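Since chain A is already given, all that's left is putting chain B on it; use the hints.
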Amino acid sequence: MFKLNKLCIILFALATSYSWGQNCNLTITGKVIDEHTGYVLPGTNVFIEELNIGAAADTSGIITLEGLCAGNYHLRSSHIGCETQRTYLELTRDTFVYLFLHHHEAILSEVVVSAERVGSGTQVKQGIDGQQLVESANKDISNILSRVAGVTTLKNGGNIAKPVIHGLYGNRVAILNNGIAQSGQQWGNDHAPEIDPMVAERISVIKGVGTLAYNGNSLGGIVIVEPGEIENEPHLHGQFNYIFDSNGRGHTNNIQLSKHHNKFAWKLTGTLKYAGDRRAPNYFLTNTGTREENMALQIEKALGRDWESKFYYSLFNTTIGVLRGSHIGNLTDLEEALEREEPFFTEDRFRYGIDAPKQKVQHHLLKMKFSKPIQNHLIWSLIYGGQWNDRKEFDVRRQNFTDRPALSLRQITNYFETNLQIRKPNSIHYQTGVQINIIDNKNIPETNVFPLIPDYVGWDGAYFLTVDKKKNRFGYEVGARYEFKHRRVATLTRTSPVQVQRFRNNFHNYSISGGMSYFLTNAVKTTLNTGLISRNPAVNELYSNGLHQGVSGIELGNVSLNSETSLKTTLGVEAEFGEKIFLNVLGYYSNIRDYIYLRPQNEVRLTIRGAFPIFSYDQTDARISGLDMMIFYEISPTLNISAKYAYIKGRDIENDLPLINIPASSFEGTLGYEIAKLGQIKNIRWEVFSQIVTAQDETLSSLDFTAVPEGYFLLGAKLSGSIVLFGNELAINIQAENLLNNSYRDYLNRQRYFADELGRNISLGLNYKF
Amino acid sequence: MKISIYFLLFSLLLFSACSDDDPEIPQEEELITTLRYTLIPSQGGAPVVLSFSDPDGDGGNAPVITTSPLQANETYIGSIVVLNESLNPTEDITIEIAEEAADHQFFFSSSITDLDITYGDSDIDGNPLGLVTELSTGGPGSGSLTIILRHEPDKNGMGVSEGNIANAGGETDIEVTFNVQIE
Numbered sequence: 055m056f057k058l059n060k061l062c063i064i065l066f067a068l069a070t071s072y073s074w075g076q077n078c079n080l081t082i083t084g085k086v087i088d089e090h091t092g093y094v095l096p097g098t099n100v101f102i103e104e105l106n107i108g109a110a111a112d113t114s115g116i117i118t119l120e121g122l123c124a125g126n127y128h129l130r131s132s133h134i135g136c137e138t139q140r141t142y143l144e145l146t147r148d149t150f151v152y153l154f155l156h157h158h159e160a161i162l163s164e165v166v167v168s169a170e171r172v173g174s175g176t177q178v179k180q181g182i183d184g185q186q187l188v189e190s191a192n193k194d195i196s197n198i199l200s201r202v203a204g205v206t207t208l209k210n211g212g213n214i215a216k217p218v219i220h221g222l223y224g225n226r227v228a229i230l231n232n233g234i235a236q237s238g239q240q241w242g243n244d245h246a247p248e249i250d251p252m253v254a255e256r257i258s259v260i261k262g263v264g265t266l267a268y269n270g271n272s273l274g275g276i277v278i279v280e281p282g283e284i285e286n287e288p289h290l291h292g293q294f295n296y297i298f299d300s301n302g303r304g305h306t307n308n309i310q311l312s313k314h315h316n317k318f319a320w321k322l323t324g325t326l327k328y329a330g331d332r333r334a335p336n337y338f339l340t341n342t343g344t345r346e347e348n349m350a351l352q353i354e355k356a357l358g359r360d361w362e363s364k365f366y367y368s369l370f371n372t373t374i375g376v377l378r379g380s381h382i383g384n385l386t387d388l389e390e391a392l393e394r395e396e397p398f399f400t401e402d403r404f405r406y407g408i409d410a411p412k413q414k415v416q417h418h419l420l421k422m423k424f425s426k427p428i429q430n431h432l433i434w435s436l437i438y439g440g441q442w443n444d445r446k447e448f449d450v451r452r453q454n455f456t457d458r459p460a461l462s463l464r465q466i467t468n469y470f471e472t473n474l475q476i477r478k479p480n481s482i483h484y485q486t487g488v489q490i491n492i493i494d495n496k497n498i499p500e501t502n503v504f505p506l507i508p509d510y511v512g513w514d515g516a517y518f519l520t521v522d523k524k525k526n527r528f529g530y531e532v533g534a535r536y537e538f539k540h541r542r543v544a545t546l547t548r549t550s551p552v553q554v555q556r557f558r559n560n561f562h563n564y565s566i567s568g569g570m571s572y573f574l575t576n577a578v579k580t581t582l583n584t585g586l587i588s589r590n591p592a593v594n595e596l597y598s599n600g601l602h603q604g605v606s607g608i609e610l611g612n613v614s615l616n617s618e619t620s621l622k623t624t625l626g627v628e629a630e631f632g633e634k635i636f637l638n639v640l641g642y643y644s645n646i647r648d649y650i651y652l653r654p655q656n657e658v659r660l661t662i663r664g665a666f667p668i669f670s671y672d673q674t675d676a677r678i679s680g681l682d683m684m685i686f687y688e689i690s691p692t693l694n695i696s697a698k699y700a701y702i703k704g705r706d707i708e709n710d711l712p713l714i715n716i717p718a719s720s721f722e723g724t725l726g727y728e729i730a731k732l733g734q735i736k737n738i739r740w741e742v743f744s745q746i747v748t749a750q751d752e753t754l755s756s757l758d759f760t761a762v763p764e765g766y767f768l769l770g771a772k773l774s775g776s777i778v779l780f781g782n783e784l785a786i787n788i789q790a791e792n793l794l795n796n797s798y799r800d801y802l803n804r805q806r807y808f809a810d811e812l813g814r815n816i817s818l819g820l821n822y823k824f
Numbered sequence: 008m009k010i011s012i013y014f015l016l017f018s019l020l021l022f023s024a025c026s027d028d029d030p031e032i033p034q035e036e037e038l039i040t041t042l043r044y045t046l047i048p049s050q051g052g053a054p055v056v057l058s059f060s061d062p063d064g065d066g067g068n069a070p071v072i073t074t075s076p077l078q079a080n081e082t083y084i085g086s087i088v089v090l091n092e093s094l095n096p097t098e099d100i101t102i103e104i105a106e107e108a109a110d111h112q113f114f115f116s117s118s119i120t121d122l123d124i125t126y127g128d129s130d131i132d133g134n135p136l137g138l139v140t141e142l143s144t145g146g147p148g149s150g151s152l153t154i155i156l157r158h159e160p161d162k163n164g165m166g167v168s169e170g171n172i173a174n175a176g177g178e179t180d181i182e183v184t185f186n187v188q189i190e
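Protein chains in written order, with our numbering: chain A, 55 to 824; chain B, 8 to 190.
Chain A extracted, bound-state conformation (with noise of 0.2 Å):
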């Protein structure tokens, strides 16, 4: 696929002299633009860092250095509003250079447009990447995408989070980390997922329906991680951050190399990450620690004459600490937990230690991709991925068992995928593949311990067609994917004595999708994008069987269960007035049939430990809409303000009952005051940010154990800037994080049963580039 990457620089070489022993007559022109807007960007000052020289580009955006003797240069472009882009240049003869600038603003780039799109673009792609990504190496992937509108988390405490889109989560959203789909133990509200948002060069949601080119199920919408592409750079350069957070006296450290030699390309990218126990504003969180230790390797290497091989390695390891007053025995230890001001088992020291509960997570990612053009415009690929998911959760237990985990599955998943695609400027682009998928799920017998997820073995057959065109003002594309699932399932009875239960499963999934993209000015586009897609009850939702600790709560799977069927609709506004105001709205709706979920019973089931509650997994038909609005506005070169709103409502159309855990509306506000230069700092900005949630109020009083927490207001403070420190940038941001330090409990995280969220959190962040 050609992506026109912010690394990708398209070099038109213009011969105009031939290049014999030392020319001192060469010249460098470039055309400057912005790489979301595709606009000029005038007044851009490019720099030969060798030469020490520089220019400012014209009203077109053009710049033109002249009088350049042969040689390799670095040209640093900047401009302000944008991060500073360093490209390597090998001048031989007269050159022509365009040169894509990146806007560093955090709104602005999710308010926009992206440069790159799926297919024609009647989809829209919004994501975080650059500056703001390296800005947010403490937080966890699922926390950086909820800065994309309509994005929201499920969260267990401040260091588990899952992504929620438009509502749906889990089994609904697919994360594609290097296009392969994420596998692992996905259905537990309480498992992030297991990426390092470090590895990524840019993280981005797909919110409606598309993609499906893709393994995977998307049917809430996906979540691309995605690395990038090596730096065409023959020097070895890299960059390292810092962060320490005083919430958890956390230190995350970062440190990125890459090298791009003849046709050999390599980048490896490292990440550690060590901190204690958060506070809330009055009390700290005991036991809410997290480490992490993850490293990726990209190697990118021509084979032979037109093979290209892309090989990438990621291993994510973590050990999170889960809060000790949130592990219970039974409803009556939740109902006492509810009424208590501080959780139980809070201790009034800080500490590092990590201490059941807890989770220990490793995830092993292989992927290899082989392809080659057969003809003008035709690419085969071939794509193998493997992963290796290991998971380990540790609960309190009598004293013989501590070490040993209560829950213990492998996931080892292969895939292999074979694709052409058809890309033939101004023409119709065709992609078409097949895809193979083989997993098998395993209870490690460690435990003792019945388990919650069976052991199950499986394979999925898929084929896809995606066709999409562009054209003037206009485009448009079209999509289907067929699926086949076979799963193989061994249950456990709960009788005596215990048997081994044997259920096989075949599941045909159907999607297809249309939309179009039409520019209605040069600065105003409308995209309409409807999709028809079906998921299949994950094994947890058919065969899961027993206790839910966290909620005290027995979950049993449903063996009758259907595929449910969405039907989503997705219109969006992208304009742009003068380039001073930037507007992104999108509205959407979404039909569910058959949606999936999890019922209370009107039973209980009475243990040595009490009675229990039970949910059972059932269906109804559902209705998802909602608007995702984002607005940038700069007032003056140094002044800008930008705003985020989500709303979304969810109904069981068939029970006329709120579904539940449907993000509140929430509103963000962010004013930004930049400063180009002042005295040694560059890129100076001053940042007051804001956020608003409101109170979950369509809910059902009798689906939930407690009142739903009050809606809250949180306030929020950054100042950054960069320094030139032995001839290479250092950036540097400092961050405060509820700074008002107020208490306050959150809809969709299940520590609301139990603790306050996070207090007054000040980061202290260093970026440094070589």
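Because the hints were derived from the structure by calculation, they are not lab data.
A few of these clues could be false.
[As the list claims (entries may be wrong)] Covered stretches of chain B (in silico footprint by chain A; criterion: 3 or more residues with CB under 8 Å from a CB of chain A, positions within the stretch not fixed):
| hint | stretch |
| --- | --- |
| 1 | 36-50 |
| 2 | 67-79 |
| 3 | 113-122 |
[What the hints assert, rightly or not] Here are the simulated distance ranges between beta carbons:
| hint | chain 1 | residue 1 | chain 2 | residue 2 | range |
| --- | --- | --- | --- | --- | --- |
| 4 | A | ILE746 | B | ASP121 | 37 to 47 Å |
| 5 | A | ILE746 | B | SER143 | 56 to 66 Å |
| 6 | A | PHE767 | B | VAL88 | 19 to 29 Å |
| 7 | A | PRO667 | B | THR125 | 51 to 61 Å |
| 8 | B | THR73 | A | PHE759 | 30 to 40 Å |
| 9 | B | THR74 | A | TRP513 | 33 to 43 Å |
| 10 | B | THR125 | A | GLU752 | 43 to 53 Å |
These numbers were taken from a predicted model, which means no experiment stands behind them.
Virtual Cβ for every residue (Gly too), placed ideally from N, Cα, C.
Just chain B, lined up with the frame of chain A:
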């Protein structure tokens, strides 16, 4: 083709056998299936046994609860036995609780106002445990008796050493309720 061989070789690295092996049936060694509260009348006579038994653990068959009537105006020496009857042979968890006495405490509550239970044992810190108790009855009547075993309670919490559960915290390992008849 050379490239396909590479591809196959690499992809076999992570390949696992997709087999239909029988899942291992877990030995629920930590499981508590049975609580037996044996009350021996101080003035002699047949002991009274209150028992809650669920040998197959959560789910499966419903637990079996057996009780016998108590005598009015009598004092009993009570002792609790906790078992895991899902294992063969049956495991006596009472021993483990006694060993980890500081991390455990039984709590007793009854709807019968003049039914009184006091602790007859303690842990190394001198705080009550509750495996041994003294139960005294008043006049005839009927009601419920609830026995709770808490793991890692705060034994220094207010009233906890007197048997008041309100400030105990910790997790509930056992919570059983018996219907008690006092004749």
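Problem set entry | Hints violated by the structure (numbers, ascending) | 3, 4, 6, 7, 9
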